[in-house]
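Using the sequences and the hints, build the whole thing.
Going down the list, the protein sequences come from chains G and V.
Under the working numbering, the first residue of the first sequence is numbered 1, with each subsequent residue one higher.
Under the working numbering, the first residue of the second sequence is numbered 1, with each subsequent residue one higher.
Calculated from the structure, these hints are not laboratory results.
Every residue gets a Cβ at the ideal spot worked out from N, C-alpha and C, and that includes glycine.
Any given hint could be a false lead.
[Said to hold, decoys possible] Examples of chain G residues lying across from chain V (beta carbon under 10 angstroms, computed):
1) P48
2) T50
3) Q51
4) C60
5) V130
6) T149
[What the hints assert, rightly or not] Straight-line C-alpha distance at most 20 angstroms; calculated DMTMM-like pairs for lysine to aspartate or glutamate:
7) K455/V / D146/G
8) K467/V / D131/G
9) K108/G / D146/G
10) K86/G / D454/V
11) K123/G / E469/V
12) K460/V / D44/G
13) K77/V / D146/V
14) K246/V / D19/V
15) K457/V / D106/G
16) K412/V / E447/V
17) K455/V / E147/G
18) K412/V / D81/G
19) K85/G / E451/V
20) K61/G / D81/G
21) K445/V / E411/V
22) K108/G / E447/V
23) K108/G / D164/G
24) K30/V / D371/V
25) K516/V / E565/V
26) K513/V / E565/V
27) K211/V / D6/V
28) K513/V / D503/V
29) K457/V / D81/G
30) K457/V / D44/G
31) K61/G / D71/G
32) K211/V / E10/V
33) K457/V / E41/G
34) K457/V / D146/G
35) K455/V / D81/G
36) K455/V / D44/G
37) K460/V / D146/G
38) K109/G / E453/V
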Amino acid sequence: MSLGFAILTALLAIGLLALVFGLVLGFASVRFKVESDPLVEQIDQILPQTQCGQCGYPGCKPYAQAIADGDEINKCPPGGDVTIKKLADLMGVEAKSLDAAHGEEDIKKVAYIREDECIGCTKCIQACPVDAILGAAKQMHTVIVDECTGCDLCVDPCPVDCIDMLPMASSAASWRWDIAAIPIKQIG
Amino acid sequence: MLNNFDDIIEKLDNHELWDFPGGVFPAERKTLSNKTPIQRLSIPGRLYVTVKQHIGVEGHLIVEVGQKVLKGQALTKSMNPFAVPIHAPTSGEVTAIDKHVSAHPSGLPELTVQISSDQQDKWAQLIPLTDYQSQPKMQVLSAICDAGISGMGGAGFPTHIKSSPKKDVDFLIINGIECEPYITSDDRLMREHAWQIRQGIDVLCHLIKPKHVLIGIENNKPEAIEAMQVACRENPNYRICNVPTKYPAGGEKQLIQVLTNREVPAEGLPVDVGVIMHNVGTCFAIADAIFSGKPLIERVVTITGEATEKPGNVWALIGSPVAHLLAHCDYKQAVQNQPNIIMGGPMMGFSMISDLVPVVKTTNCILAPTDNEMAGNNEQACIRCSACADVCPASLLPQQLFWHSKANELEKAQEYNLFDCIECGACAYVCPSEIPLVHYYRIAKSEIRVEQEDKQKSDKARGRFEKREARLIAEQQARDEKHRLAAESRKQAMAGSGNNAKDKIAAALARAKAKKQVSSAADDKLTEPTKVAPASDAQETIRAKETEPRTKSVSSNQRVQAAIERAKAKKAASEVPVTDTKPEPILKDNKNVTELNKKIVQKQQNDLDDVGVDEQLAKVDNQVQVEVTNTVIPEDVIPHQQQQVKADNKQVRITAAVAKARAKRDAQKITNNQGTSDKTAPAQKLNNTETDNPVDLVNIEEQQVEIKKRKIAVAVAKVNAKKAAEKAAEKNDPLL
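This is how it looks when you write it as structure tokens:
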């Protein structure tokens, strides 16, 4: 009798606890629900945002989504090995070398329109993923250098081939110290 | 927590100071250059004034190539608070504005104003501000800014920004430490111009209003200390602090630590701990700007090193090429294996890639060392001796930083506070493996800066990309919506046009019926003018056809009514001709008709847009029909008249022809007689004929005249009728 009562009490207590915790957890999962997949955001933060589409996806965000869904991490030539390394750290996979099928890492470039040859067809404007080209129909176009990601997408649509990809001009501000500079030391 | 102000003063009163961690004691080598007074240089033939010589933004140029400039004339201008102008160091002509090798470790070309001097050294007009104490602070600050003064100790921070703190300032510290070996420019300046430096300090005190002024001078410059003490004797608030010689005591954070025992937070500024620091050179320049209006166009530069014959300090115009300075001190390149000139001191300076590098506002030393003065570049592996950590004035772990910087592990290097490194070079100085540690840090720092820049850029690109995507989607949606609406309206129009077709059919049926009625009525009623009804009817149908497109918009019922009305009018019209048969009134009518038609046309055009278009049309139809039938009538009536006339004519003509033929025959007879009989006989006969014929001839002539008259009348009538008919038709046409 007393044993049966004890078992019943125990069962009741455990069941009650389970119910309470279940309710708390259920409430928490609704109340503190995470809206979007943070992983995609994190991957998107690492990608270089050139929006060039060399990975085969229409922009960096779609590629980030694809990586989150299990695609390879070595399809981003503008990001290069640095990006691959970071992605590998984030995804917990091994860092691979860049997939040559998607292009090779290159120095940073910006698009430049030879303005006297531009016929004002607006095709490059439509191609630019970041709206970095300024112009109107039958008016000369030009690239806003600060906004250009160097994605190369405007070069092909140009019917008169007046767009060049020029390497970024180096300035004193962006200069990287040269190890060859000779250090001075006293011997006195 | 912050040291109490009173505690600090008490300790300073006891001639006690604090210390900063680490530090090294390199050979000073200052006696090379500090024995001689500051010399004046000759004016170089060409000066290269770099547009950006300070931290912040550059102004925009206000001179152009070919323009004559006077000494002290501003070359740039800007509304940006972080911009300080540059000035022409001497009078001359601007010969070029383009990129020239810069006073930067990279030597990358930067925008430079080139001035060829005319050796006149003619000053522009200067505006001193001697009564600065009665001027508003902003006035004094803008005078300092307009004089182009930026920090002359090394970083080149705009002085007017530094001198307008938002917080209370306990200490204004004047940095006269000059801890780096070789350099003696501040030393000589203090010795020779202590009074003017004190004037500059006065101005700064007026602006900053510190509780106390500390002038820190290393104890290896006793002459400078003495000179400053003499100059500041009258100001009890100015305290000369005799700082023990230790490198890098001249570092901003280190000097604050030594004098006040306050530590500037990692990402903070000295003002966060109630301190503002200015270099003695800056104080001198401020005094120049305020009391004589001179902008910052020259500074003291130490030219030293064993590769120079006559080392010393010179007043160098900003923009002078280094070659000009070296020539003054007899630089012997032969004693060097390869040309090597260093801008700045041996610890923190950099090798220049060209001797055309100009002197800038932060240039304090040009060092031309012999080969045995500098260490070779034989870097060896780190042995983990931790000597670098012992001497680091910022208490960092240099070997860890080196490790991560070399492996390009930038995040880890940052975790070890890479950005707190002041790049003093103490660690590299003590390194037994001769590792150029500072260079590794500088590379890592620039890598991180570039990365951060990229990050910013990619964030911006992401934003733009996302906005563009959103815009494209919105545009697509707008297009779809438009298409949907258009399709809907088309559908509605289709449904509507279906009704319209029915209406049309109904209208056509009504018209046909009306026509049938009319024609049957005409058949019944019209006996004489049989042709009239069909003719007018034909016209009517033509007109109806033509009016149709116009009245499409009109609703079907009204149309039917209109058709019925038209039919009625037609019927009425068909009866009109019976009464009107005389040509003359018709002609009058025709004139009226043309006028009427004109009026109607106008009326119609006026009323077309009105709501009552339909009724109007119906009315017009009636009128027009009446008139049209009127106009039509003559054509149909004339034949009757003509028939009558023709009949008359025939008879007349026949009689005329008979008469003619008779006369001819008679005439032939006479001629025959004349040919056969006597002359008398024919004469008689001729007489006969003459007597016989005249009556006939007269008759004939009379008849012919009559015929002619009638013919003319008929022709006139015909022509008139035709004209009228044509006019009517013309008027009707545009009406339809």
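Hints, one by one, checked against the model:
1. P48: With a closest approach of 5 angstroms, the P48/G hint holds.
2. T50: Nearest chain V Cβ about 7 angstroms off; hint holds.
3. Q51: holds (5 angstroms)
4. C60: holds (7 angstroms)
5. V130: Because about 4 angstroms separates V130/G from the closest Cβ in chain V, which is inside the 10 angstroms limit, the hint holds.
6. T149: holds (5 angstroms)
7. K455/V / D146/G: Roughly 13 angstroms between the alpha carbons, so the hint for K455/V and D146/G holds.
8. K467/V / D131/G: holds (9 angstroms)
9. K108/G / D146/G: holds (13 angstroms)
10. K86/G / D454/V: Within the cut-off at roughly 15 angstroms; holds.
11. K123/G / E469/V: holds (17 angstroms)
12. K460/V / D44/G: holds (13 angstroms)
13. K77/V / D146/V: holds (9 angstroms)
14. K246/V / D19/V: holds (10 angstroms)
15. K457/V / D106/G: holds (17 angstroms)
16. K412/V / E447/V: Holds - the C-alpha atoms of E447/V and K412/V are around 13 angstroms apart, at most 20 angstroms.
17. K455/V / E147/G: holds (13 angstroms)
18. K412/V / D81/G: Holds - the C-alpha atoms of D81/G and K412/V are around 18 angstroms apart, at most 20 angstroms.
19. K85/G / E451/V: holds (15 angstroms)
20. K61/G / D81/G: holds (19 angstroms)
21. K445/V / E411/V: holds (11 angstroms)
22. K108/G / E447/V: holds (15 angstroms)
23. K108/G / D164/G: holds (13 angstroms)
24. K30/V / D371/V: holds (18 angstroms)
25. K516/V / E565/V: holds (15 angstroms)
26. K513/V / E565/V: Distance of about 13 angstroms is within 20 angstroms: holds.
27. K211/V / D6/V: Status holds; Cα separation ~11 angstroms.
28. K513/V / D503/V: Measuring from Cα to Cα gives roughly 15 angstroms; hence the hint holds.
29. K457/V / D81/G: Holds. K457/V to D81/G sits at ~19 angstroms (cutoff 20 angstroms).
30. K457/V / D44/G: Status holds; Cα separation ~14 angstroms.
31. K61/G / D71/G: holds (13 angstroms)
32. K211/V / E10/V: Holds: K211/V and E10/V sit about 14 angstroms apart, inside 20 angstroms.
33. K457/V / E41/G: Given that 20 angstroms is the threshold and the Cα spacing comes to 17 angstroms, the pair holds.
34. K457/V / D146/G: holds (8 angstroms)
35. K455/V / D81/G: holds (16 angstroms)
36. K455/V / D44/G: Holds, at roughly 12 angstroms.
37. K460/V / D146/G: Since the Cα atoms of K460/V and D146/G sit roughly 10 angstroms apart, the hinted pair holds (cutoff 20 angstroms).
38. K109/G / E453/V: With Cα atoms ~15 angstroms apart, K109/G and E453/V stay inside 20 angstroms; holds.
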